[in-house]
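Let chain A serve as the given structure and place chains B and C on it in line with the hints.
Read off the chains here:
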Amino acid sequence: MSVIDSVRAVEFAPRLKRPSVRRVLRRPGLVLAWIVVAFVGVAAAFPGLLTSHDPLGKTGARLAPPSGEHLFGTDNLGRDLFARVVYGTAESVQAVLIAVVVGLVVGSLIGLVAGFVGRWVDDVLMRIIDVLLAVPTLLISLAFIAALGFGTVNIAIAVGIGNIASFARVMRSEVLRIKGTAFVEATTFAGIGRLRVLSRHVLPNAAGPVLVLATLELGLALLSVSALSFLGFGTPPPAPEWGSLVAAGRDYLLAAWWMATLPGLVIAATVLAANRIARSANRDHAVNF
Amino acid sequence: MLRYATRRLLHALLVLWATFTATFFLLYVLPGDAALSKAGVGSDGAALNAADLDRVRAELGLDQPALIQYLKALGNALRGDFGTSIQTGSPATRMYAEAVPETLKLAGSALLVGLAVGIAWALLATYTRRNLLRQALLALPAAGVSLPTFWIGLILLQFFSFRWQLLPAIGNEGVQSLILPALVLAIPTASMSAQILSRSLELTMRAPYIETARARGASRGRVLLGHATRNSIIPVVTALGMTAGHLIGGSVVMESVFSRAGVGAITVRAVNFQDTPVVLVAVVFAALVFVTVNLLVDLLYPLIDPRIRLRRAPLERPVGARRPAAQRPVAAPEATA
Amino acid sequence: MVLTIDDLRVDYRAGRDAVRAVDGVSLSIAPGEILALVGESGSGKSTIAHAVMGSLPRTASVTGAITFAGHDLTTLSERQFAKLRGPGLGFIPQDPMVSLNPLHRVGRQVAEPIRLHTPASRAQAEERAVELLERVGLPHPRERLRQFPHELSGGMRQRVLIAGALAAEPTLLVADEPTTALDVTVQKKILDDLANLARDRGIAVLIITHDLAVAGDRADHLAVLSQGRVVEYGTPAEVLGRPAHTYTRTLLAAAPGLTVRPRPQAEPAAGDLVRVEGVTRRFRLPDRVADDGWFTAVDGVTLSIRRGETLGLVGESGSGKSTLARLVLGLDSPSVGRVAFDGENVATMGRTRKRALHARAQLVYQNPYASLNPRLTVRQIVREPLDGFGIGARDGRPARVRELLDQVGLSASVDGRRPAELSGGQRQRVAIARAIAAGPDLLVCDEPVSALDVSIQAQILDLLTGLRRDLGLTLLFISHDLAVVRSIADRVGVMAAGRLVELDDVETVFTRPRHDYTRLLLDAIPGQRFGDLVNQAGTR
Chain A
4 MSVIDSVRAV EFAPRLKRPS VRRVLRRPGL VLAWIVVAFV GVAAAFPGLL
54 TSHDPLGKTG ARLAPPSGEH LFGTDNLGRD LFARVVYGTA ESVQAVLIAV
104 VVGLVVGSLI GLVAGFVGRW VDDVLMRIID VLLAVPTLLI SLAFIAALGF
154 GTVNIAIAVG IGNIASFARV MRSEVLRIKG TAFVEATTFA GIGRLRVLSR
204 HVLPNAAGPV LVLATLELGL ALLSVSALSF LGFGTPPPAP EWGSLVAAGR
254 DYLLAAWWMA TLPGLVIAAT VLAANRIARS ANRDHAVNF
Chain B
13 MLRYATRRLL HALLVLWATF TATFFLLYVL PGDAALSKAG VGSDGAALNA
63 ADLDRVRAEL GLDQPALIQY LKALGNALRG DFGTSIQTGS PATRMYAEAV
113 PETLKLAGSA LLVGLAVGIA WALLATYTRR NLLRQALLAL PAAGVSLPTF
163 WIGLILLQFF SFRWQLLPAI GNEGVQSLIL PALVLAIPTA SMSAQILSRS
213 LELTMRAPYI ETARARGASR GRVLLGHATR NSIIPVVTAL GMTAGHLIGG
263 SVVMESVFSR AGVGAITVRA VNFQDTPVVL VAVVFAALVF VTVNLLVDLL
313 YPLIDPRIRL RRAPLERPVG ARRPAAQRPV AAPEATA
Chain C
3 MVLTIDDLRV DYRAGRDAVR AVDGVSLSIA PGEILALVGE SGSGKSTIAH
53 AVMGSLPRTA SVTGAITFAG HDLTTLSERQ FAKLRGPGLG FIPQDPMVSL
103 NPLHRVGRQV AEPIRLHTPA SRAQAEERAV ELLERVGLPH PRERLRQFPH
153 ELSGGMRQRV LIAGALAAEP TLLVADEPTT ALDVTVQKKI LDDLANLARD
203 RGIAVLIITH DLAVAGDRAD HLAVLSQGRV VEYGTPAEVL GRPAHTYTRT
253 LLAAAPGLTV RPRPQAEPAA GDLVRVEGVT RRFRLPDRVA DDGWFTAVDG
303 VTLSIRRGET LGLVGESGSG KSTLARLVLG LDSPSVGRVA FDGENVATMG
353 RTRKRALHAR AQLVYQNPYA SLNPRLTVRQ IVREPLDGFG IGARDGRPAR
403 VRELLDQVGL SASVDGRRPA ELSGGQRQRV AIARAIAAGP DLLVCDEPVS
453 ALDVSIQAQI LDLLTGLRRD LGLTLLFISH DLAVVRSIAD RVGVMAAGRL
503 VELDDVETVF TRPRHDYTRL LLDAIPGQRF GDLVNQAGTR
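Chains as they are written, first to last, in our numbering: chain A, 4 to 292; chain B, 13 to 349; chain C, 3 to 542.
So that you can see chain A by itself, here it is in the shape it has in the complex (with noise of 0.2 Å):
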C-alpha cells in the first residue's frame, strides 16, 4: 500500500485532435489537389481508361484546336494532345519518383549517419553535402546529364543527386536536436544501447520532418524534371514527356497556343496540387524547415 492512492492528480489532461474526414472536408483546395494526384496516378497507371486515342496515331486533322473530340486539341503531326499527356504521365511520374527516392535514401543515409556518429566523420559528408548546396541544382543535374547521357532515367538520377543535400541536411538537423533532448539522454538511464537508441528513439522522432520534405520534393522534383527534358536532354521524340511536349509546341506559339500552353498547364496543376499537400502534411506535423 503506497500513500499516494489516495492522491490523484486532479489537473485535466490535454485532448488530442484526431484528423477527421470533416477536417479534411473543411479544405476544399486541399480537396481538389488530392483530386489532381488522384487523376495522375490514374494516367500513369492506366492511361486507356482517360483517352481513347493513340498518343502516337494521326488523326489527319492537324493543329486542330480543342474540341469535344480533342480535349487539348491536336499537335503539328495531327497526333491528339490530350492523348500525348496521358500517356507521357507514366514517364515523368516515374522520373520524379526516381528523383525523390534517389535524394531520400542517399540524402537521409548521409545526414542520419553525420548526425548520429559526430565528429570526423559528420565533417567529413557535411562538406561534401557543401559541395552539392554550393552548386545550383540545374546545373549538378547537367553535369550528371553531360556525363551520364541524355534520357529521361538519367535526368532523374541528375535531379535525384541535385537533392540529396537538403534531405541530408533537414535529417542530420533533427537527428542533433532529438539527440540533444532529455528523452534521448534519460536512455542512459534505461541500460539500452546505441542502436537500440537510435531505431527507437531517434530515427521515428527525424522521420516526420524529413518524410514532410520528401512530399515537397515530388512537386520540386517534377519542376527540375520538365525544366530538362524542357532544354531537350530527356528521351528523343517521339515519346511524349512532359516537359519535351511543352518544348514541342515552342516553334507554333501563334498558330497554336494549346500545344505549348495546355501540357505546361498540366505540369503546373500537378505540381501545385503536390505542394498543397506538403504544406498540409508540414502544417499537420508542425515542422519547420
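Watch out, some of these pointers could steer you wrong.
Stated by the list, open to error - Taking CB as the label site, the calculated pair distances span: (1) C:80 x A:66: 57 to 63 Å; (2) B:29 x A:55: 54 to 60 Å; (3) A:109 x B:142: 42 to 48 Å; (4) A:122 x C:280: 30 to 36 Å.
Unchecked claim - Sample of chain B residues lacking proximity to chain A, with all beta carbon distances greater than 12 Å (derived): (5) 21; (6) 79; (7) 112; (8) 128; (9) 140; (10) 146; (11) 174; (12) 175; (13) 200; (14) 236; (15) 253; (16) 308; (17) 311; (18) 315; (19) 318.
As the list claims (entries may be wrong) - Quick look at which bits of chain A chain B covers, simulated, 3 or more residues with Cβ under 8 Å: (20) 140 to 147; (21) 224 to 234; (22) 247 to 259.
FYI, nobody ran anything at the bench for these hints, they're computed from the structure.
We put the CB at the ideal spot given by N, CA and C, even for glycine.
Same frame as chain A, but now just chains B and C:
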C-alpha cells in the same frame, strides 16, 4: 574577427576545390570514352568522325592516368585555364567569361525585383487584419514556386511579343528584351523570399517584445516596420546564397526560352555537345558565386543583429556544448544582477 | 476607481467549440492600490490582464465592461486603444529575457513611449529615459542607454521594462507574472521597488501571479481565481488568515512559502552512498578564443550523500547545482577532484560499470514533457529500463509495469496514452515510475516540480517522500525554491557561483544560517508577511 574571416575564406576555398575535383572526376573519368562517342549526338550538332575523336582525346590528355590528368587540370585551373572548348576551340574560361555580363544583367535585375516584391508582399500579408486578404496573399507565393518558369515564359511570350507585339521575343537588345525574362525569373525569388519572410514575421510578431512595444502604444504599422522586420530578415539574408544559385539555374531556362545569349545558353550548348571543359567552368563558376555571396552575407549579419559577433564559423560546433550551435546568434553569458 | 471590471466574460473559440476562460468577473482598483490576481494556470488570470490591455487574440469574444478613464475598453477601436496604452495603461511583461527588442538600444526602448505620446525631441526623451532608469534603480543609467538588452542581466532588463512602462506616466500598471522568470533575491528587490514606485506616484497596480505568497506580501487586495471565477476576495490578512473558500485553502496548504509542511523523520544514516571530494568542473566558453575563456561551473565542492537521506541542493540559476548532479551521475567528468558512488570512482568506470551505475542511480528531469519520448506510450516508457537492464522474467514485465504505475498513483486508463495526452503532473509521475523501475538506490531529482502548478507540486513532493520511505531510496533533490527544499530534505546544501557555501541540517540552515548568502536567500522567500498567520490558521 580576422581569425573568423580567415576561417570562412578557407572554407570557401575548400568548397571550390572540392567542387572542381568532384566535377572533374564526374566529367572526365567516370564516362571515359563512351561519353566522347556520344559527343556526336548533340541535338543540333553534326556527328564527329573518328579523326575528330582522336584529336579531342589527345587534346584532353585522355590517354594518361586519371590522377595525372587531374593534377594537371588542377594546376591549369589555378591559373585560370580550364582547357579549350570542344565546340569552338577557344579557351573555355574566356568563352564563358564573355557571356557573364549578359546573365548578370538578367539575374541581377531579377534578384532586385524579386526581393523587393517578395519583401513588400510579406509585409502586406502580415500587416492586414482581413483574414481573407491575408490568406490570399499567403497562398500566392506558394503557387509562385509551383509554376514552371519555362511555361510562364512561353505564355508571356505569346501575349506580349506575338499577339500584342509590345516587347521583343528574342535577343539581348536593350532594356526591353530584359523585361520579360527578368520578370519571369523574379517570380520564384519573390515567392521564396515572401514565404521565408512571412513565416519569420509570423514568429516574430508572437514574440514578447512585440507585445511590449504594443503595450507602449506603438501602432500596428510601427510595430511591424520598426520592431518586427529587422528581427525577421535574417532568414531571407541567409537564403541569399541559395537564391543566387536558383537564379543561375533559372537563367539557363530563361535564356533558352527567350533565345538570349548568356552563360545559361552556353551551358546548355556545352552539355549538348559534351563540351566538358565548358561544363566544368559552368559548375565551378556557380560554386564561386555561391561562396562569394555567402561570404558577403556573413559580413551583413552583425550589421543586422548586434548579438552576432564574427568569431565562429557557423558550421562549427562549440567546445563543451551539448547541443549543436544554432546558426542564429546566442545572447552573451549573463552578468549577475 | 481607476479601473472597474464589470461581469467580464471571455470565450475562446476553438473550431466549433468555445472555451470560457473568464466567467463573470467583477473587480475594481483605486488609485495607488495594488490588486493581485492569484490563480493557477488556466484560471483565467492572464486572460483578464490581456482583456485590460486590449491584447486578447482574435479568437476571443468578450462580454461585460471594463471601464478605464471614462472609456469602456471592450468597445475601443485598435487606434483609440493605442493612444491609451502608455499614458493610461502601463504593462510589465512576464519574461524580461525576451521582452525587450534585441536589436534596439536600451535608451531607445525606454524613450519610445515618450516619443510616441509627447512632442519631446529625441534628446529630451533620452534625458527622461536617464531619469526613469535612475528611478527604477538601475546603476549607471547614462551608460546603459547605449547598451543592447543582451548586455544586461535579467533583473536589469526587468528594471528597463518597468522604466519603459512608467515612461508615459500611466495611471494603471498591469504586471503579468513580473518576477516569475527571475531568481528569488532579484525578485524581492524588483517587487519592493515596484510597490514603492506605485505608492509614491499613486499608480494603481494589477499584479497577475500564481504565487499566493508573493501576492500576500505586497498587495492591498487579493482576488483568488479558479476556472474563470473570483472565488475569494479581500485583504491579504482576510484571505490568508481566514480563507472562506475550499480552493483557497487547498492553495494555501500547497503553497510551500506559506505553509511549513510536516517533514518525515530521516532513518538513521548508515554510511555514505556518494562522496564528492574537492570537485571542480570548468567549461570552455564557446565564443571565446582567448585562453581565459573558461567558465567554472562547480568550484571545489566537497560533500557526501548518506544512505537513506534526502539531500537538498539549493541555489539560483547558474550556481552549478545541475552540473554537480550530472557529475554525481557520471554524465560528466570533473576537471579536478573525485566523485565516488558506493566507494567506486565514477570517472574511471568502464562501459559495463557505468551501465551498472545507471541501474542504481536514476535521474528525474525538470521538464517531464522533454524527458519522455513523445512517440512511446506510458507502458512502453516505463518498461524500457526493465528490458534494458534485463530485470525480472520477460513475461512478468507487463505486470511489473502496472505495479510501478500503481506505485506512482497512475490509474490503468493512462497506460496506453502518449505524453502529449497527459497532464504535467501525470507526466512527472510517469518519469518517476521509469526512474524507480530499475530499482535504484539513488534518485537525483533536478527541479522536479518547478514546471508544475503549486497544488500538483505538493502531490509530487508527497509521492517522492512516500517512495523514499517505501523503497528505502536516497534522494538528491535540486531546487531553486528554498521553501520546497525545506519541505522534503533532511540536510541542505546552498550553492552560489559554483561553491558550496553552506551544508547543514535543514532546521539549522533555515533557522540559524551561517553564511550571508543563505541569509539573503531566506529573506527573499516570499510569504513572510503573513506566513505565521497562515500556519496558525492551519493548525487551528
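Status of the hints after comparison with the structure:
In this structure, residue 80 of chain C and residue 66 of chain A meet the distance hint of 57 to 63 Å, their C-beta atoms being roughly 59 Å apart. The given range of 54 to 60 Å is respected by residue 29 of chain B and residue 55 of chain A, whose C-beta atoms sit roughly 58 Å from each other. Between residue 109 of chain A and residue 142 of chain B the CB atoms are about 45 Å apart, so this pair conforms to the stated range of 42 to 48 Å. A C-beta distance of roughly 31 Å is found between residue 122 of chain A and residue 280 of chain C, which places it inside the suggested range of 30 to 36 Å.
Chain A leaves residue 21 of chain B outside its interface by the beta-carbon criterion, the shortest separation being 14 Å against a cut-off of 12 Å. Annotated as non-interface, residue 79 of chain B keeps its C-beta farther than 12 Å from every C-beta of chain A; the closest such distance is 18 Å. The claim that residue 112 of chain B lies off the interface holds: its Cβ sits roughly 15 Å from the closest Cβ of chain A, which is beyond the 12 Å cut-off. Interface exclusion of residue 128 of chain B from chain A stands, the closest Cβ pair being 22 Å apart, more than 12 Å.
Non-interface status of residue 140 of chain B relative to chain A is upheld: no Cβ of that chain comes within 12 Å, the nearest being about 20 Å off. Against chain A, the non-interface label of residue 146 of chain B holds: every CB pair exceeds 12 Å, the least being about 15 Å. Remark: the non-interface label on residue 174 of chain B conflicts with the geometry, its nearest Cβ contact in chain A lying 5 Å away (cut-off 12 Å). A cut-off of 12 Å between C-beta atoms contradicts the statement that residue 175 of chain B is not in contact with chain A; the least separation is 8 Å.
Its closest Cβ contact with chain A, about 9 Å, brings residue 200 of chain B to no more than 12 Å, contrary to its assignment away from the interface. The claim that residue 236 of chain B lies off the interface holds: its Cβ sits roughly 21 Å from the closest Cβ of chain A, which is beyond the 12 Å cut-off. Taking the minimum C-beta to C-beta distance to chain A, about 8 Å, the non-interface status of residue 253 of chain B is violated against the 12 Å cut. With 12 Å as the threshold on Cβ separation, the claim that residue 308 of chain B sits away from chain A holds: the shortest Cβ distance comes to roughly 15 Å.
The beta carbon of residue 311 of chain B is kept farther than 12 Å from every beta carbon of chain A, the shortest such distance being approximately 18 Å. Chain A leaves residue 315 of chain B outside its interface by the beta-carbon criterion, the shortest separation being 24 Å against a cut-off of 12 Å. No Cβ of chain A approaches the Cβ of residue 318 of chain B within 12 Å, the least distance being about 25 Å, so the stated non-interface status holds. Counting residues of the region 140 to 147 of chain A whose C-beta lies closer than 8 Å to any C-beta of chain B gives 7; at least three are required, and the coverage claim holds.
With a threshold of 8 Å between beta carbons, the proposed coverage of the region 224 to 234 of chain A by chain B holds, since 5 of its residues qualify and at least three are required. Restraint check on the region 247 to 259 of chain A versus chain B: 5 residues with Cβ-Cβ distances below 8 Å, three needed, restraint holds.
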